[in-house]
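Participant: Spelled out from the first residue to the last, the chains are:
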Amino acid sequence: MLEIKNLKVQVEDKEVLHGIDLRVNAGEVHAIMGPNGSGKSSLSKVIAGHPSYRVTEGEVLYQINFQPRNLLELAADERAREGVFLAFQYPVEVPGLSNFIFLRSAFNAAMKHHGAPEMSEDDFRQFVLTKMKLVNMKEDFLDRPVNVGFSGGEKKRNEILQMAVLSPRISFLDETDSGLDIDSLRIVSDGINRLRSKKNAMVLITHYQRLLDYVKPDFVHVLAGGRIVETGDASLALELERKGYDWLLE
Amino acid sequence: MNQPKTTTKDAIKVANPPANSEFNSEFNTDYKYGFVTDVETEEVAKGLNEDVIRFISKKKNEPEWMLEHRLKAFRHWLTMEEPAWAHVRYPKIDFQAIRYYSAPKKGGEKKGETQGPQRLEDLDPELVKTFQRLGIPLMEQKRISGIAVDLVFDSVSVGQTQTETLEKVGVIFCSITEALQKHGDLIRRYFGSVVPFSDNYYACLNAAVFTDGSFCYIPRGVRCPIDLSTYFRINASETGQFERTLIIAEPGSYVNYLEGCTAPQRDENQLHAAVVELVALEDAQIKYSTVQNWYTGDKQGRGGIYNFVTKRGKCAGRNAKISWTQIESGSAITWKYPSVILQGDSSEGAFYSVALTHDYMQADTGTKMIHLGKNTKSTIISKGISADRSSNTYRGLVKILPSAEGARNYSQCDSMLVGPSCQANTFPYLEVKNKTATVEHEATTSRISADQIFYLQSRGLDMEATVSVLVNGFCQEVFKELPLEFSVEAVKLIEMKLENSVG
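Going down the list, the protein sequences come from chains A and B. Number 81 in our numbering belongs to position 81 of the first sequence; there are no gaps in the numbering. Number 298 in our numbering belongs to position 48 of the second sequence; there are no gaps in the numbering.
Everything labelled a hint here was simulated from the structure, so no lab data went into it. Remember, it's a predicted structure, so these values are computed and weren't measured experimentally. A virtual CB, placed ideally from N, CA and C, is assigned to each residue, including glycine. You can trust all of the hints, since none of them are fake.
List of simulated lysine-lysine pairs, BS3-like, C-alpha gap at most 27 Å:
hint, chain 1, residue 1, chain 2, residue 2
1, B, 342, B, 549
2, A, 5, A, 198
3, A, 216, A, 5
4, A, 112, B, 730
5, B, 683, B, 618
6, B, 742, A, 112
Simulated coverage check for chain B against chain A, where a stretch passes if three residues somewhere in it have a Cβ under 8 Å from a Cβ of chain A:
hint, region
7, 695–707
8, 716–727
Some chain B residues well away from chain A (every beta-carbon gap over 12 Å; in silico):
hint, residue
9, 334
10, 337
11, 344
12, 345
13, 502
14, 506
15, 684
16, 686
The shape of chain B in the complex, shown without the other chains:
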């Protein structure tokens, strides 16, 4: 049964700041990650056809079945229509104007293996500098940091750290290209098992042209000793990034996975259409956290990343747990619904999200919780902050199928508005087909007003602290789900961006 959808639209006004206060924020509004790295790249000509797909597949020395899979996806994609139901607006994408493969050139090219650098030491120094500017621990820092990092630069994965620590316990963490060579059977078994190529327009495109991404395998009963992390960066212009991530958690295993994204400042829009698949077997747990900070476009809404991503996890076994935690603070347009299929009995899914939109950003994000198993449980906590002229939409589906005896869902969707011209929408869809299910939904809309800011400042809090207490108060339930080393940065990121909009 379809619940009536509820819409909240609101706008508020913040008075003009006085010259003598810190309203005129001291923070630099420039996008911190807006630099371009000067590396020689190897690129394919713009445009998309079967030859380009064959080129990518050959570059990656892929098995025949993968090329077949790509071509099948491509042919299917040609029959599909670009979806128009999301609450976002953008000019039609010319898929022939995008470059589908770009890789840093320099680096060790070894015996017919995958192209691109193989060891961290082989990396182009410019690239290493880029990662340092991004604050990614590499080289000497790799052990201290306690995080294993996979870096995806434009289309290829350029290096992992902490490999030895992981090998000891049998955890596989490598690029998907490498995994196709070394662990082809695992990939073949699970690839597309959660997000089939026919799933949606962008997932289908991704299946045809995906270039790299991370693969992660946690063996039975292993608690991954360190957090795994991937950083994605789009560097080349007019290039799309189509990464593919696959995480498999065998029975009784546990992994904490972090993902970060940045892109340089460019005038044209760039497409990022990733697919992430998670498989958690019996008693396994996957925690997946994202801090998405793709370039948002400038103050006039020019440029920025189109972030059209399909993320889905399957709790395939009993008591499996998957949680998505996302801090969405970048991209011109975000279209993303990290979801969980709760197949195993008593399995649990969670979605914790903070989505910040400012200037002309548009976000349509949320989740789907599909309850199949008995006594399955899902939790949705969504916090949307919209500022300036942006539009921020929560779209969620809780689907409880007839088999999901005793299923439970709790959803909470809160919106916070900053400024007179922003928009917040909430579309919570519910489909409940089992009478024993319990579904709860709460929603609020609040606002940051000039009065609140003055009130807090009149108690001695400066602009930074004022925004910080307001944001932390609002987003607390989500921030506390982030791994510690990630949360400090993420919280700061949101605060800084919001400070610009409040000021």
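For reference, chain A alone in the conformation it holds in the complex:
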């Protein structure tokens, strides 16, 4: 579904990714772990199309209409409409824009892109209410401005709600577990698990094993110093929990 080939990326003229190779197939869940500043967040932002990151080499192949396309040639919003999703580490507040209008605009933008009819306001409300149950959110969240005054946990749940509404094909979840208490972590993990399917794929970016206790990954990669230095199965995460990262960084 997604194939990253020799991806090199700069931020403000400094290279932060030195040649990443990663292949993600439909139905898989990958975890990318690694110490602070290793380039984990950079990777997810590049995939989503953040304007501050400059790709100097490599490509990201992604199936669009059964054809591999270089994702890097698409603008951020096009990528999103083609089913690429980034759950933000720090979800952005948008005063004045209600969550409902936001979700509906995003949903209908994708519908329109795929030539499907837009959903009416009433139908969409019913639709989004069923999705909100996944992350245990109350209806009044819909009428509040996007992320404004939300607690850390509520913001992360709102990200998962957006994911549920947009049903992306590939999702990068950037430290979705950080700043969550145990209850919120369970709610968010439950939501993620229920959104897992054979048709979509997920890449979880995390510091800790904690999230992986709830969401079992098929593969675990260690990203350090802008490179993937180790790949293994779920047991690698447990090993990292015991031994730390240092043994991989020599």
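Knowing the structure of chain A, use the given hints to seat chain B on it.
Facilitator: Using the frame of chain A, we list chain B on its own:
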């Protein structure tokens, strides 16, 4: 008592756009209405003196009292100082370098009546083309559109549509020049009753040299069956536009009035100093909406319209209602405070405003709500959006006089900033002289950040949709006050202009 004035100054940064995104907006930044119409015009020489005023008055075949009124205003104006308190900067205006009368020449000139074309069919085809480019419904479209339109081109009014529909119910809607001929008594009674010539510098100048504008009279108990609309356009160069609008709503009547403005792109600054007076009698309601899109000047701040306008309404009777809704998106400098005098008991005034400034534009706009009557109520919703190097100021006064038992005001002033070099200021003045009054004021400053734009785009919204949801979210309370046929255009206008600044 004077409340301490609050000032909000802020600036934000938007990161450089990447080459592969729609940050580099696909919208044409050119001013859509920047064309010049090639019509033969009849002009007076530049400069201002009593002879010019006599010339204008004679051109319009005015009654003697109006000429006297003009001259009185002119003599008073000579004693006045140009005001300097507004938060705007511009070189001193040379009032002798402005032309005070310019009219399209061709057209039926009939029996000593007012000069200029009398019927739509008589219009210069070039002029008709201009109005078509402005998107004004004329000729065949006039009935379908359901809006009666008065067009003011430079100094004279060039035609109205929908006259028959209005005549049936007794509504008078014509140019002020025509009204002076046919309804002199009404004009004499109300002209200057809300904005006296001595009111302020520009209003005084207007009283001396006003050339045309719209007159509207809604008889007792009549709900005006269609929306009334005036489009103003400045065409000739170095010409000022000084229009005068007077709307009278008799007891129990209702009217929805729309005003649109454009001007061609020119390097020099042009002066527009209009006066609008509204009179709402007992149980009458006037809703006045403006979409102001005068030429703003270019990217370097050259040229553009100086929009120095006095708009005021008087709720003269019990339960009268006046609301001003304005979308201010044009002009190099805007200086404008549509106000309401709440004289009748239980009367209501409202001001809903979206003011967008970009590039080097400067806007100092707001309202005055003067509470005189008992249980009077006023609402102020102001949304300022500043981008680029522009300066956007809200200035408002809520004055509650001792007689205004139980008066209420609610004010909300929100500013949104786009880019690192813009400015937003808020000056809400309150003078409360009655202890039973309730006054509420809320203000916020927010910003469009690169993070917000990326966040929305990462959810599939393109640049157009991103700006649209942000603007609509911010301005919702004002947009919903606009009449439907106006709001689509107005919202699009703001979105397009902002898109250029965000991109």
